[in-house]
Amino acid sequence: MCVVQPTTLGNEPSAIIVTNIMRTFSVLSQFEAARVEILEFSGLIEDIVHCTEFELVPAAVDAALQTIASVSVSSELQNALLKAGVL
Numbered sequence: 005m006c007v008v009q010p011t012t013l014g015n016e017p018s019a020i021i022v023t024n025i026m027r028t029f030s031v032l033s034q035f036e037a038a039r040v041e042i043l044e045f046s047g048l049i050e051d052i053v054h055c056t057e058f059e060l061v062p063a064a065v066d067a068a069l070q071t072i073a074s075v076s077v078s079s080e081l082q083n084a085l086l087k088a089g090v091l
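Each number in the working numbering comes from the position in the sequence shown (counting from 1) with 4 added on.
Keep in mind that the hints were calculated from the coordinates and are not lab data. Since no wrong hints were added, every one of them can be taken at face value.
Derived DEER-like restraints, expressed as beta-carbon distance ranges: (1) Leu43 x Ile20: 24 to 30 Å; (2) Ala37 x Leu69: 18 to 24 Å; (3) Pro62 x Val7: 17 to 23 Å; (4) Glu80 x Leu13: 34 to 40 Å; (5) Lys87 x Asn15: 30 to 36 Å; (6) Ser18 x Glu41: 22 to 28 Å; (7) Glu59 x Glu36: 32 to 38 Å; (8) Glu50 x Val77: 18 to 24 Å; (9) Glu50 x Ser79: 14 to 20 Å; (10) Ser79 x Leu32: 18 to 24 Å; (11) Ala38 x Leu60: 26 to 32 Å; (12) Leu91 x Glu16: 24 to 30 Å; (13) Thr11 x Gln34: 28 to 34 Å; (14) Ser18 x Val77: 29 to 35 Å.
Where is the CB? At the ideal position from N, CA and C, for every residue including glycine.
Please put together the full structure from these sequences, using the hints given.
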């Protein structure tokens with residue numbers, strides 16, 4: 005997700021795509037099986053945390069925060085979030 009930077013405008017195609025991806029993960033992360041799979045993808049947690057830094061794409065930030073809230077029910081994912089710098 006390094007294509008979208010904190011200063012990327014919200015109407016750019018890359019920002020819209022990232023927003024939709026974050027919305028998808030927000031819904032998927034509500035299911036235990038999906039949370040297990042999220043751990044398998046290296047770098048995904050870091051990308052989710054990175055999406056909280058988008059100053060001009062509030063929809064992506066909102067979806068990323070919803071994803072973080074959903075995955076935080078798992079202690080393993082909580083540790084991964086902490087390592088990724090969520091706090």
